[in-house]
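Chain F is fixed; fit chains R and X onto it per the hints.
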Amino acid sequence: MTVKYTKDHEWIRVEGDVATVGISDYAQSQLGDVVFVELPEPGRALEQGKEAAVVESVKAASEVFAPASGTVTEVNADLEGEPAKVNSGAEGDGWFFKLRLSNPAELDGLMDEAAYKDFVEGLH
Amino acid sequence: MRYLPLTEADRHAMLAAIGASSVDELFRDVPPVARRSGPVEGLPGFAGELEVERQLAAMAAKNIAAGTVPSFVGCGAYKHHVPATVDYMVQRGEFLTAYTPYQPEISQGTLQVLFEFQTQVALLTGMDVANASMYDGATACAEAVMMANRLTRRKKAILSGGLHPHYRDVTTTDAHFIGFEAVALPPAPKGGEDLVALVDADTACVVVQNPDVFGQVRDYTSLAQQCQAKGALLIVVVTEAVSLGLLTPPGEMGADIVAAEGQSLGNALNFGGPYVGLFAVKEKYVRQMPGRLCGQTVDADGRRGFVLTLSTREQHIRREKATSNICTNAGLCALAFSIHLSLLGEDGFTKLARINHAKAVQLADRLTGVKGVSVVNDGFFNEFTVTLPRKAADVVEELAQRRILAGVPASRLFAGQLEDHLILAATETTTESDMDALTKALTEVL
Amino acid sequence: MTMNSQGRPSTPAGADSAVPETVTGNRGLQIEEALIFEQDSPGMSGVDLPAVPAMNLRLGAVKPRAKVGLPGLSEPQVVRHYTRLSQKNYSIDTGLYPLGSCTMKHNPRLNEKMARLPGFADVHPLQPVSTVQGALELMDALAHWLKTLTGMPAVTLAPAAGAHGEMAGMMAIRAALEHRGEKARTRVLVPESAHGTNPATAAALGFSVDPIPAGPDGRVDLAAMEAKLGPDVAGIMLTNPNTCGLFERDVRAIADAIHAAGGYFYCDGANFNAIVGRVKPADLGIDAMHINLHKTFSTPHGGGGPGSGPVVFSEALAPFVPVPYVVHDANGFRLVEGHEQGTEFGRMKAFHGQMGMFVRALAYILSHGADGLWQASGDAVLNANYVMARLQDTLTASFEGPCMHECLFDDRFLKGTGVTTLDIAKALIDEGFHPMTMYFPLVVHGALLIEPTETESKAALDQFILALKSLAVRAKEGDVAYFQGAPRLTPRRRLDETAAARKPVLRWTPSSEPALAAE
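Taken in sequence, the protein lines are chains F, R and X.
Going by this note's numbering, the final residue of the first sequence carries number 124, and the count climbs one at a time with no gaps.
Going by this note's numbering, the final residue of the second sequence carries number 570, and the count climbs one at a time with no gaps.
Going by this note's numbering, the final residue of the third sequence carries number 1089, and the count climbs one at a time with no gaps.
A couple of the hints might just be wrong.
[Claimed, not checked] No farther apart than 30 Å at their CA atoms in a straight line, the calculated lysine-lysine pairs in the DSS-like style are these:
| no. | chain 1 | residue 1 | chain 2 | residue 2 |
| --- | --- | --- | --- | --- |
| 1 | X | Lys1046 | F | Lys59 |
| 2 | R | Lys408 | X | Lys1073 |
| 3 | R | Lys406 | X | Lys633 |
[As the list claims (entries may be wrong)] Partner residues aside, some chain R positions facing chain X, computed with beta carbon under 7 Å:
| no. | residue |
| --- | --- |
| 4 | Phe170 |
| 5 | Leu180 |
| 6 | Ala190 |
| 7 | Cys199 |
| 8 | Glu240 |
| 9 | Gln242 |
| 10 | Ala262 |
| 11 | Leu371 |
| 12 | Cys451 |
| 13 | Lys475 |
It is worth saying that the hints were derived from the structure and are not from the lab.
None of the values given here were measured: they were computed from a predicted structure.
Glycine included, C-beta positions come from ideal geometry on N, C-alpha and C.
So that you can see chain F by itself, here it is in the shape it has in the complex (with noise of 0.2 Å):
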């Protein structure tokens, strides 16, 4: 089950075929309260660096990026009613959407947890 990010701040983890995408607690804080996020349909097929979902905080409109191609499977419900969810758990239960990978070497080039940490490190 490994985790990794993009330089965009979104998180991808993969089990077996299907991923599951999020954007991280960095990015979080970064945007303030989440009022709401606008989610891919199911069924829509996406493009790695394409815009996937809208992250909205009262003053921001942030796009979200897909880490990797593929087709949405599964949005997270949870979202629509409690925005917060983002804010309190960007890289567990503030999850966005699972992707079926259409090419899942596209995740060779993201970066692991560690590379991630420098990264943002570095940011400062």
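Frame of chain F; chains R and X shown alone:
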């Protein structure tokens, strides 16, 4: 110059603090070719209030004010009586000269007004939720179509021939430049449009007006159901807000979006503007609504308060991805609308609507008695269409010479068409003697 | 001595300064006011109407509605309601409003009086043109002033607001490109410092938005801009003076480059107040510029609107105007509502434009005259530079002066204090000022954009400077708690905007919380 508080002494002191020798020096980044050496030539110098009043009053005197003569002009703007209180309240400096309520702690006046306005608009239209106003009914109509496009991911709008041509034209202009299709049906004063037949898999919405531009009223419940069964939205336009005090509102007919003009309440005719666009939708569409929204919340001490909310839809945050480029709303006009409606209340508003309808029925009956005049509508609110034995535009001009504003010739709105059709409105301000004057004059000229 | 038994203390006792709790929740002149829906007296009305005559309804197939659901109040209750609400608002009439790019200048009452003359207010837009010659004359007079002030040959008065004017200007450019058969030009250059309406407008019209970075001097990087030119460029949307309060020195080079590349120059005129009557925009090479009558020409902001956004056009764009427009010929004034020239691009709104705002703007323009406007822009720029000079040692100015009508600071002066731009703004509210524009433009961090306008006295500026300076010093001394609890003296403290966005409550419903005690 009475609006400029700086004295020469002030200016000297300030230039010293800045370290500049003249105000001119502060403009040094402006290319010399564009800099004027002094005040613009060929334009007059400053004038005192008396002089300005004289100049503007001279222009005003060249217009016939609707309230000074019998007037039956409607078609999207209506002469109603606005209680004295409204104008005094909107001119309170804290309303008149306040900015958009971006700092809610010092804008609770404006914000509570917007919350109440949104509620009033939702109640009048029978819809779930309304925004804090648009520029006018016509731009609200175009924005409604664009919202339907976003929601359905389709690109075709069917516009009823009963839609006010200005509203139709604003929508088709947007269609051309923004990139969607607007199919505008020809005018049909006697009805008979088959809108459902035109709804296909590409249709995002059907737009109807009630009462329509000819004054005809219809029930659109069945049309709403049929559109929605095909995945299209029904947009209902209302240009006479007072009609919502008597007619079944669009919300109860199943409309998805209502785009309306609020000028009738609280706002003078003002030769066409500023007016106030009303925009109301079903709950599930809230996040796709254009325009400002005011929401209820609490402050740090737990007391109820109001703030602008769902701002991430708007241009100052979403920029290219905004639901609309709109920035201002109709602020003060929305306040006037709200105050007028607060004064009227349930009883007053519903009564006002009935009085309007009664006046129009009375007028229609009297005109039917004039030789050559025939009423087209079988159901109307406070406006209806008649046919005349000759060109309505000529008749209107002749009556204007007799200081009677006889209504809107349909050809004014539908160039070169329906030349014998005249559209007349009656409101609570229409008197027996107004109707006498009109009937007599028509009898003489027709 | 004769004894006077009427004596009573004439100086305040002074010991107790805490704000007492009151039974009503009111605080002296600051009165809590419920929603009108919570003050319903069923059957009550504040308007006396005649009896409805007995009649048969003639509504065709439509049924009359059962009820609307509005509350009933008497006139005195309505007057109190709105009076109390108004007292919770800050306004220009209250004090300085240093909002950058908003031009919060004095709103003269003469404007209101003139707009309410029955000959302007009580005129229907669809009356025969022969009965409204004075209204058309006024529109023509305003058009003449706007064209002469800007040096441009054509103008449309149709757009209802600034953003609407931007829409009109960009539609004209699209129409001109179509007329030339150049539909491939779909890219618009927009500085990163631009107001959000610029990219929103361009994107809505199907253009792709290509951002131009600013240089270290806060102005458009000319080389970067030139590198982006190409055969697919439709034009540039440039604000000048720009949103950092600076005049774009390279504006002529920018105009020439855009024209040479076959594109058009749209100028966002939001900051026209800096140069009105002193600079001729036509000589800067612009093709279109919108003017905000509610900024430069003092029409009131009204709590958010209405505005009015006329657009001036160059010869190149003059044929591509929206309808309607006023024409003055041998027979008097007439209104062109159809596509007479064949190149008009369509209609922007119902009827003829924001006539009520035209009257107000013309009253203001006539009051100032050419020499008054010269003085106004000079004083506007002087006031902003004075504020900048007096504050730049305590706050961090983002760019070197001189500025135009507004000055820009960023939050470097707050580094390490734990106090943010937002906190400074909220503390400024307790000092009796509306905050300046915050967090805009986006090109600097934690922006504070201050535009005093020319209608502020030196004394008013000095008081504002004193307040802001003191707050900056207090922040640097580390009094974070003071700032985070601000404001404390306002009708409401900081409001929970997160809750408002997470669970939007956008209207009153009968099942909402119980009414507060109304009277």
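Each hint, compared with the structure:
| no. | hint | in the structure |
| --- | --- | --- |
| 1 | Lys1046/X to Lys59/F | holds, 26 Å |
| 2 | Lys408/R to Lys1073/X | holds, 13 Å |
| 3 | Lys406/R to Lys633/X | holds, 22 Å |
| 4 | Phe170 | holds, 4 Å |
| 5 | Leu180 | holds, 5 Å |
| 6 | Ala190 | holds, 5 Å |
| 7 | Cys199 | holds, 6 Å |
| 8 | Glu240 | holds, 6 Å |
| 9 | Gln242 | holds, 5 Å |
| 10 | Ala262 | holds, 4 Å |
| 11 | Leu371 | holds, 5 Å |
| 12 | Cys451 | holds, 4 Å |
| 13 | Lys475 | holds, 5 Å |
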